[in-house]
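**Student:** Chains as they are written, first to last, in numbering that gives the first Met the number 0: chain Y, 0 to 182; chain P, 0 to 135.
Calculated from the structure, these hints are not laboratory results.
Be careful, since some hints might not be right.
Said to hold, decoys possible - Here are the simulated EDC-like cross-link-like pairs (lysine to aspartate or glutamate), alpha carbons at most 16 Å apart as the crow flies:
(1) P:Lys2 <-> Y:Asp148
(2) P:Lys6 <-> Y:Asp127
(3) P:Lys6 <-> Y:Asp148
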Amino acid sequence: METHDKKLIADYLEGDTNALALLIERNLKLVYRYAFRITRDVEDAKDITQETFVKVWRNIGKFDLDKNFRTWLLGIAHNTAIDLLRKKRNFVFSDFDNDDGNFSETIVDPAPLPPEIFERAEKKELLDDALGQISPTYREILTLYYEEDLTFAEIGTILSKPLNTVKSQYRRSLSALRKILSE
Amino acid sequence: MEKDYQKLFDGLVSPSVPARLYDSVLLRIDVEARHASRLKFAVFAPLAFLSSVAVVVSFQYMARETAQSGLSEYLSIIFSDGGTILSYWKEFLVSLVESAPVFGATLFLGAVLALMGSLRVTFKNAQTTFTHIQLA
Numbered sequence: 000m001e002t003h004d005k006k007l008i009a010d011y012l013e014g015d016t017n018a019l020a021l022l023i024e025r026n027l028k029l030v031y032r033y034a035f036r037i038t039r040d041v042e043d044a045k046d047i048t049q050e051t052f053v054k055v056w057r058n059i060g061k062f063d064l065d066k067n068f069r070t071w072l073l074g075i076a077h078n079t080a081i082d083l084l085r086k087k088r089n090f091v092f093s094d095f096d097n098d099d100g101n102f103s104e105t106i107v108d109p110a111p112l113p114p115e116i117f118e119r120a121e122k123k124e125l126l127d128d129a130l131g132q133i134s135p136t137y138r139e140i141l142t143l144y145y146e147e148d149l150t151f152a153e154i155g156t157i158l159s160k161p162l163n164t165v166k167s168q169y170r171r172s173l174s175a176l177r178k179i180l181s182e
Numbered sequence: 000m001e002k003d004y005q006k007l008f009d010g011l012v013s014p015s016v017p018a019r020l021y022d023s024v025l026l027r028i029d030v031e032a033r034h035a036s037r038l039k040f041a042v043f044a045p046l047a048f049l050s051s052v053a054v055v056v057s058f059q060y061m062a063r064e065t066a067q068s069g070l071s072e073y074l075s076i077i078f079s080d081g082g083t084i085l086s087y088w089k090e091f092l093v094s095l096v097e098s099a100p101v102f103g104a105t106l107f108l109g110a111v112l113a114l115m116g117s118l119r120v121t122f123k124n125a126q127t128t129f130t131h132i133q134l135a
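Please construct the entire structure, taking both the sequences and the accompanying hints into account.
**Tutor:** Take a look at the structure:
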């Protein structure tokens, strides 16, 4: 998939305008899903998606074909989401990034979910509600890790955070989620 | 442990992409592209005009400089006294170089390059300014 996206970029840079349309079509769901998970608002997610692809179009000539296109794309979506959320409401930036990310050796791995909680949480609305109650930072990391199957290194690239910070926030996000699911 | 959470997330319903979002993205890019084209056309079309004036003026200057330099006389010696030229070809070359209208030629070349560059950008953006970019 990554190879195909890069081929489309190369074709577009050589003058094939259809290639850009195809590239957008292939990645529209990815960006929209990501934007929706962060904002949990359809209109905001649409705005972020549109703005993201406009920025992709403006900067596609600068994309390094040796790099990972998906992380570059989601990095743009991440920054666009922060900008939009800042403008649209009384958004405290620290809500989005309230962890200094020091990797603490004392953070215990979150325990596995007890079966009864797991069974309850399998109800889709319950997990979705729980995600809505954790901070955008944690929601973002869990979405990128579990829904988009990205590695911690890739997540770090998207969020412009060191690897240890991502791992630390991942553990905290699981703890936060588990706590809400247990209630 | 992670398998539990992975299983949970696998069951999470993916939000469906709103209808027409794809079209609105393409339309937005189209609007931005035409705006950028119009801007480039507005900048480079006058530059092309100014460059063409500069080409004419610099050519006239170069012609005047050439006439005053004596270069044409040196060149005519090649046809009238070729043998002498061959004997003193090094000195002849030095004289040619010294009399060449370097400044005028540089101005003229610069003006021609500026004209070619601005014409290229003007025509490229005239096409996209006045026709719709079809992305799909």
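**Student:** Determine for every hint whether it applies to the structure shown.
**Tutor:** Hint check results:
1. P:Lys2 <-> Y:Asp148: Within the cut-off at roughly 13 Å; holds.
2. P:Lys6 <-> Y:Asp127: 14 Å, holds
3. P:Lys6 <-> Y:Asp148: Satisfied, since the Cα-Cα distance of roughly 13 Å is no more than 16 Å.
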